[in-house]
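Colleague: Residues per chain, in single letters:
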Amino acid sequence: MQTVNGPGRSKEHEAPSRRRFLDYLLGTSAFATLGAIFYPIIRFIAPPQIVEAMQNSVVAAKLNELPPNSGKIFKFGNKPGILVRSASGELKAFSAVCTHLDCIVQYRPDTKQIWCACHNGQYNMNGQNVGGPPPRPLEEYAVNTRGDDVVVTRI
Amino acid sequence: MADQLNISVDCVATAKGPCYRRCAALILALFMCFFVHSSSASGQNKNSCVECHASLEGRFGDPARTIHDDVHLSRGLSCNDCHGGDPNVYDQFAAKDPRKGYLGRPRTADIPAFCGKCHNDASFMKKYNPSLRVDQEKEYLSSVHGQLLRTGNQKVATCISCHGVHGIRGVSDPLASVYPSNVAETCAKCHGKSDYMSDFKIPTDQYEKYKVSVHAKALYDRQDLSAPTCNDCHGNHGAAPPGIASVANVCGQCHVRQGELFQASPHKLVFDNLQYSECIKCHNNHDIAAPTDDLIGTGPNSICITCHSEGDKGFIAAREMRARLDELQAGIGRSIEILDRAERAGMEVSRPKFDLREATDALTHARVLIHTSSTAEVDKLAVPGLEVAAKTYQAGIGALAELSFRRKGLVVSLFFIIFLAGLVYLKIRQLESKNLVGEK
Amino acid sequence: MSLDQIRIWLDERLSLGSVSEIARKKEVPVHRHSIWYYFGGMTLFLFTVQVVTGILLLLYYRPSAENAFESVQFIMTEVKFGWLIRSIHSWSANLMIATLFIHMFSVFFMRAYNKPRELTWLSGVGLLFISIAFGFSGYLLPWNEVSFFATKVGTDIAGVVPVIGHSMLRFLRGGDEVTGATLTRFFGFHVAVLPALATVFIGVHVLLVQLHGMHVPRRYEHNHGYMKFFPNFFLRDLIGWILAIGVLAALAALFPWELGVKADPFAPAPAGIKPEWYFLFMFQTLKYIPARILGIEGEVLGILAFMLGGLVWVVIPFINREPEQRRRILIFNVFGVFVVLYIVVMTIVGYLA
Chain A
263 MQTVNGPGRS KEHEAPSRRR FLDYLLGTSA FATLGAIFYP IIRFIAPPQI VEAMQNSVVA
323 AKLNELPPNS GKIFKFGNKP GILVRSASGE LKAFSAVCTH LDCIVQYRPD TKQIWCACHN
383 GQYNMNGQNV GGPPPRPLEE YAVNTRGDDV VVTRI
Chain B
16 MADQLNISVD CVATAKGPCY RRCAALILAL FMCFFVHSSS ASGQNKNSCV ECHASLEGRF
76 GDPARTIHDD VHLSRGLSCN DCHGGDPNVY DQFAAKDPRK GYLGRPRTAD IPAFCGKCHN
136 DASFMKKYNP SLRVDQEKEY LSSVHGQLLR TGNQKVATCI SCHGVHGIRG VSDPLASVYP
196 SNVAETCAKC HGKSDYMSDF KIPTDQYEKY KVSVHAKALY DRQDLSAPTC NDCHGNHGAA
256 PPGIASVANV CGQCHVRQGE LFQASPHKLV FDNLQYSECI KCHNNHDIAA PTDDLIGTGP
316 NSICITCHSE GDKGFIAARE MRARLDELQA GIGRSIEILD RAERAGMEVS RPKFDLREAT
376 DALTHARVLI HTSSTAEVDK LAVPGLEVAA KTYQAGIGAL AELSFRRKGL VVSLFFIIFL
436 AGLVYLKIRQ LESKNLVGEK
Chain C
5 MSLDQIRIWL DERLSLGSVS EIARKKEVPV HRHSIWYYFG GMTLFLFTVQ VVTGILLLLY
65 YRPSAENAFE SVQFIMTEVK FGWLIRSIHS WSANLMIATL FIHMFSVFFM RAYNKPRELT
125 WLSGVGLLFI SIAFGFSGYL LPWNEVSFFA TKVGTDIAGV VPVIGHSMLR FLRGGDEVTG
185 ATLTRFFGFH VAVLPALATV FIGVHVLLVQ LHGMHVPRRY EHNHGYMKFF PNFFLRDLIG
245 WILAIGVLAA LAALFPWELG VKADPFAPAP AGIKPEWYFL FMFQTLKYIP ARILGIEGEV
305 LGILAFMLGG LVWVVIPFIN REPEQRRRIL IFNVFGVFVV LYIVVMTIVG YLA
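Chains as they are written, first to last, in our numbering: chain A, 263 to 417; chain B, 16 to 455; chain C, 5 to 357.
If you are wondering where the hints come from, they were derived from the structure by calculation, not from laboratory data. Since the model is a prediction, treat every value here as computed from it, not as a measurement. A few of these clues could be false.
Far from chain B by the CB rule (all over 10 Å, computed), these chain A residues [to be verified]: (1) Ile303; (2) Ala308; (3) Asn331; (4) Glu402; (5) Val405.
No more than 30 Å apart at the CA atoms, straight line, and that leaves these computed lysine-lysine pairs for BS3-like [as the list claims (entries may be wrong)]: (6) B:Lys368 <-> A:Lys324; (7) C:Lys29 <-> A:Lys324; (8) B:Lys442 <-> A:Lys341; (9) A:Lys334 <-> B:Lys368; (10) A:Lys341 <-> B:Lys232; (11) A:Lys354 <-> B:Lys423; (12) A:Lys341 <-> C:Lys278; (13) B:Lys423 <-> C:Lys29; (14) C:Lys291 <-> B:Lys406; (15) A:Lys334 <-> B:Lys395; (16) B:Lys423 <-> C:Lys266; (17) C:Lys266 <-> A:Lys337; (18) C:Lys278 <-> B:Lys442; (19) C:Lys156 <-> C:Lys278.
One side of the interface only, derived from the structure: several residues of chain B facing chain A at Cβ under 8 Å [claimed, not checked]: (20) Ile217; (21) Ser365; (22) Phe369; (23) Thr379; (24) His380.
Don't be surprised by glycine CBs; every beta carbon is placed ideally from N, CA and C.
The shape of chain A in the complex, shown without the other chains (with noise of 0.2 Å):
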């Protein structure tokens, strides 16, 4: 014969106020500790401001951000990507990993030719490696507008 409860002593006579505290106590816990769970829940379900992993596309600059005759980086998942903009505007994007040594490229507005500082390495406006010691032309990628931005993306 077992039973589980405490020696007899019935506890009713304390309880009203010590078994309010108590439930409010847990009520309140336990709001807490639901409103603990779901509150991740609902942050996660969120859509978060980047909304997809592989970055086979990026808005690179605004429309107005570059005057003809001028070169823009931009980062293009882990790597860097140059954006162009010719002298007679029309719009060019290429990775801007130099194929000889993995410099950074820049774009020179004088000799109107993508540069690598490092060895002196030149591309044409095609990313071709036409002079220095670069083996292999740029990757080169594909430019839209969409509005007011504008899109590269991985050809």
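Following the hints, put chains B and C in place on chain A, whose structure we already have.
Modeller: Okay, now just chains B and C, sitting in the frame of chain A:
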């Protein structure tokens, strides 16, 4: 063909007379076309030179056999265009008649002029290849080979030593002896043989040394035809070692930046005065190895200490420049290590990794700038690079700190959870003090 | 609109009253070994945690070789609290298997599988295999180096089974090698096939438990108390579950689940590849079997031995016909202890090796 010969076909149907004769002429002409066409396929109409010599053994027959690969033959030229004579007659003496211009085999000393007969003539060469130079003989005579030949030395190279004699292939033919990837072997045919070269007091290890160089690796392993071989530094026809004061110009054809920087540096004047051949003094000339950071500084493998010693300005500059490079490399290494650790743990560090590229750029660039021999110049790049490395390192620390912060946050929540569990326990106690448990 | 009015409205349409009657009447036996009763519910609770966190992860995970690793990286770095959901999912899987084992062995040693509970035992063993399949298929999904090679080794072992081994291997891998096809296939098993099976088996298992009530060991058949399920036992269950959440939070905090290095099918296997701990004892055993025994490959014999063991385990209720006979008790207890010790020792050895 019918309209060319002005014959109307229906005239054949009627019988004899002028019409018949014209038809016959047409048929004969067609027949001749076949005949002429087939005989011209084997060279000019007839070529008694090739036909007779092909039946001979050994070195008398070789020319006839190798001529079929010759670039000259493919352009319609033949034996008599160089040697004179008459390839249409089959009598040995008639064919090799000096009155028909027969020159025979030229003497070694006469070979440059022999080839120059055509190759110097701009209007002649224009018919075959307008972009070919026409000053090879002139260049050759300015070369070491040319000058020695003029003094009567027969052991030197002439046109045929490098280009071959009867099976001469064009330069852009990969099987040509002067195709970029074959040039070194061609030069080594003489320059690599110590017994042949014993008269000339120059080393014969150039080819062996070149083969282990970084240029050879680019040319042979990576098939990079822009990599230099013998003729790119020494010249083709005007082959001569560059003068001591012009080495930097030669190397600087490709290594523009390094050449420029060196020539503006204090080393240029000093080296020229001391007769040190500029770039070669530190990098060697034939066995040029890929440079490492070890080359610069004051360590045991460095080049600087061959001239500089403890206390002099150069020694200090060398030590400082090397120290800067090492510092930058170490900083980059530390950043990579910590960022990798954070990334493996699942933290987002692509931005700092991207920014770190600037530091690796700076290191690559700084390594070029050591040719200025100026610590200040190297610092211009190294210092910003170090800043970037330090910043990215901090980003890595931050990422790991965020990881640790999350841990602490969770541990805090543990207390609340245990608190809640305790409250439930108290609730149970309270409920059961009212005797809610049944018995059996 | 009071709560009572809603209750009456629902009761008139769903017969809720009869359900709540049953619930109110439900009782749990109370004796020295009642504590083991908690583990079934704990396993179910952890399974629920898996379903919830699993569905959340599903919102962002991509099951292809090109995207899987990056999507998990995305969850860990870009999604708010993604690192927490992911760590909990990985840890809860392990905790669930652990409580499952405890539950299963407690049932075994208390001989609760006897009449009329044979079907409960069968559905339970089914759930054991389903859970292990969950673990194996889920392990590949992050597509990192460790999971790739663990899957390769695991499916290699499956291929060793005679006659059907090769077909099984091809079925599991979606080809001859572990590739993106394997990943997609495992994903399908993990989020569709296995949950469907699990729902059916859990449904049967829990219903049978309600039908038969809790088993009481012979010793306490005539001297035990009772506790109402609602609210007493349930509140105690709740404490356990709250503490389980605490344990999960602690594990996620102190031993967060790593992202690892993306799988490269062409790179050589890193040294010391081990499967997850619940496979380790089998893995370690196979390592110790000599290469050939009586002309048959050691591995094949090992696999067959384990399959035989599994079969014996399934039919235990039918073997143990007279369960309360002293000698029988001894034999089966010794057998059970041997199994437990073997698993524990081999797992430890596997880790130390």
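Colleague: Has the given pair, Lys334 of chain A with Lys395 of chain B, been kept, meaning a C-alpha gap of at most 30 Å?
Modeller: 23 Å, holds
Colleague: When you check the alpha-carbon spacing of Lys334 of chain A and Lys368 of chain B, does it fall within 30 Å?
Modeller: 19 Å, holds
Colleague: Given the hinted pair Lys278 of chain C and Lys442 of chain B, is their Cα-Cα distance within 30 Å?
Modeller: Violated, at about 45 Å.
Colleague: Hinted pair, alpha-carbon criterion (30 Å max): Lys423 of chain B, Lys29 of chain C. Please report holds or violated.
Modeller: Roughly 44 Å between the alpha carbons, so the hint for Lys423 of chain B and Lys29 of chain C is violated.
Colleague: Regarding the pair Lys368 of chain B and Lys324 of chain A, is the alpha-carbon distance no greater than 30 Å?
Modeller: Holds, because 24 Å separates the two Cα atoms, which is no more than 30 Å.
Colleague: At 10 Å, judged by beta carbons, does Asn331 of chain A keep clear of chain B as stated?
Modeller: At roughly 24 Å from the nearest Cβ of chain B, Asn331 of chain A sits farther out than 10 Å, so the non-interface label holds.
Colleague: At 10 Å, judged by beta carbons, does Ile303 of chain A keep clear of chain B as stated?
Modeller: 15 Å, holds
Colleague: Do the alpha carbons of Lys156 of chain C and Lys278 of chain C lie within 30 Å of each other, as the hint requires?
Modeller: This hinted pair holds, its Cα atoms lying about 11 Å apart.
Colleague: Within a Cα-Cα threshold of 30 Å, do Lys341 of chain A and Lys232 of chain B meet the stated pairing?
Modeller: 29 Å, holds
Colleague: For the pair we were handed, Lys423 of chain B and Lys266 of chain C, check the Cα-Cα distance against 30 Å.
Modeller: OK: Lys423 of chain B and Lys266 of chain C at ~28 Å, within 30 Å.
Colleague: Closer than 8 Å between Cβ atoms is the bar; does His380 of chain B clear it against chain A? Give me holds or violated.
Modeller: Where the cut-off is 8 Å and the nearest Cβ of chain A is about 5 Å from His380 of chain B, the hint holds.
Colleague: Hey, Lys266 of chain C versus Lys337 of chain A, does the alpha-carbon distance stay inside 30 Å?
Modeller: Roughly 22 Å separates the two Cα atoms, so the pair holds.
In terms of the numbered hints stated before, the structure departs from hints 7, 8, 11, 12, 13, 14, 18 and 20, listed from lowest to highest.
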